[in-house]
Amino acid sequence: AQKVTQAQTEISVVEKEDVTLDCVYETRDTTYYLFWYKQPPSGELVFLIRRNSFDEQNEISGRYSWNFQKSTSSFNFTITASQVVDSAVYFCALSDYTDKLIFGTGTRLQVFP
Amino acid sequence: SAVISQKPSRDICQRGTSLTIQCQVDSQVTMMFWYRQQPGQSLTLIATANQGSEATYESGFVIDKFPISRPNLTFSTLTVSNMSPEDSSIYLCSVVQGDSYEQYFGPGTRLTVT
Chain A
5 AQKVTQAQTE
15 ISVVEKEDVT
25 LDCVYETRDT
35 TYYLFWYKQP
45 PSGELVFLIR
55 RNSFDEQNEI
65 SGRYSWNFQK
75 STSSFNFTIT
85 ASQVVDSAVY
95 FCALSDYTDK
105 LIFGTGTRLQ
115 VFP
Chain B
260 SAVISQKPSR
270 DICQRGTSLT
280 IQCQVDSQVT
290 MMFWYRQQPG
300 QSLTLIATAN
310 QGSEATYESG
320 FVIDKFPISR
330 PNLTFSTLTV
340 SNMSPEDSSI
350 YLCSVVQGDS
360 YEQYFGPGTR
370 LTVT
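Quick mapping for you: the protein sequence lines, in order, are chains A and B.
Under the working numbering, think of the first position of the first sequence as 5, with each following residue one higher.
Under the working numbering, think of the first position of the second sequence as 260, with each following residue one higher.
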């Protein structure tokens with residue numbers, strides 16, 4: 005069965021600190037897809053990234069970066085130089101060819117000024 | 260990315276009544292899903308909304324409680340029937356972008372059942 009674990013329930017940092025959100029997944033499929041979403045206090049779910057299992061190249065988008073390691077079944081998300089606007093709940097998710105998403109429990113990030 | 264709207268954005272309903280939530284997309288999409296997010300929790304998939312046929316429900320969700328329609332490639336509805344306070348949640352539709360397979364979510368419908 006598929007499963008996503010986000011062990012960090014809540015993280016607090018001070019602005020400008022770097023922070024890494026952990027995501028560990030379980031699946032028996034050889035082809036699968038990993039996602040990260042941001043849910044700010046407003047409640048909307050914001051798409052951040054989709055990565056397929058055959059692409060282990062790390063991704064960087066501005067202050068955001070993602071580290072995908074199949075050897076450890078992890079897809080970690082790092083925010084560099086965090087800002088107050090980064091405060092949100094971040095969800096990691098996994099899907100197969102059906103596109104059905106299995107979500108982790110989320111990590112609440114609080115960035116203090 | 261596709262622009263997704265949901266109506267209503269929020270509602271307060273009485274126990275025993277039903278509420279229909281609409282999801283509209285500004286472009287044709289192949290896959291549409293309905294998710295539930297209970298207070299302080301993660302998201303759980305309710306069903307896949309299939310165009311022109313019956314929805315496919317996940318374990319723990321049944322058609323009598325959550326009937327879903329999808330008459331075309333841009334629109335779907337989810338009805339929460341015979342509501343109880345345990346149905347108080349945020350209900351979100353999502354769509355899969357055809358070319359990129361990225362999955363985007365609507366703004367959600369915040370439902371409170373009293």
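Just so you know, the hints here were simulated from the structure itself, not pulled from any lab data.
Heads up, some of the hints might be wrong.
Using 20 Å as the maximum straight-line C-alpha spacing, the simulated SDA-like pairs for lysine to any residue come out as follows [what the hints assert, rightly or not]:
hint	chain 1	residue 1	chain 2	residue 2
1	A	Lys104	B	Pro344
2	A	Lys104	B	Gln297
3	B	Lys324	B	Tyr363
4	A	Lys42	B	Gln297
5	A	Lys42	B	Pro298
6	A	Lys42	B	Gly299
7	B	Lys324	B	Ser340
Keep in mind that this is a model prediction, so the values were computed, not measured.
To see whether the hints hold, each was checked on the structure:
1. Pair hint Lys104/A plus Pro344/B does not hold up; C-alpha atoms about 27 Å apart against a cutoff of 20 Å.
2. Our distance criterion of 20 Å between C-alpha atoms is met by Lys104/A and Gln297/B, whose separation comes to about 18 Å.
3. Distance hint between Lys324/B and Tyr363/B is unfulfilled; the C-alpha atoms sit about 25 Å from each other, more than 20 Å.
4. Simply put, Lys42/A and Gln297/B have alpha-carbon atoms about 17 Å apart, close enough for the 20 Å limit, and the pair holds.
5. Distance check on the hinted pair: Lys42/A and Pro298/B sit about 16 Å apart at the alpha-carbon level, within 20 Å; holds.
6. Note on Lys42/A and Gly299/B: the hinted pairing holds, with a Cα-Cα distance of about 15 Å set against a maximum of 20 Å.
7. Taken as a hint, the Lys324/B and Ser340/B pair is honoured in the structure, with Cα atoms around 5 Å apart against an allowance of 20 Å.
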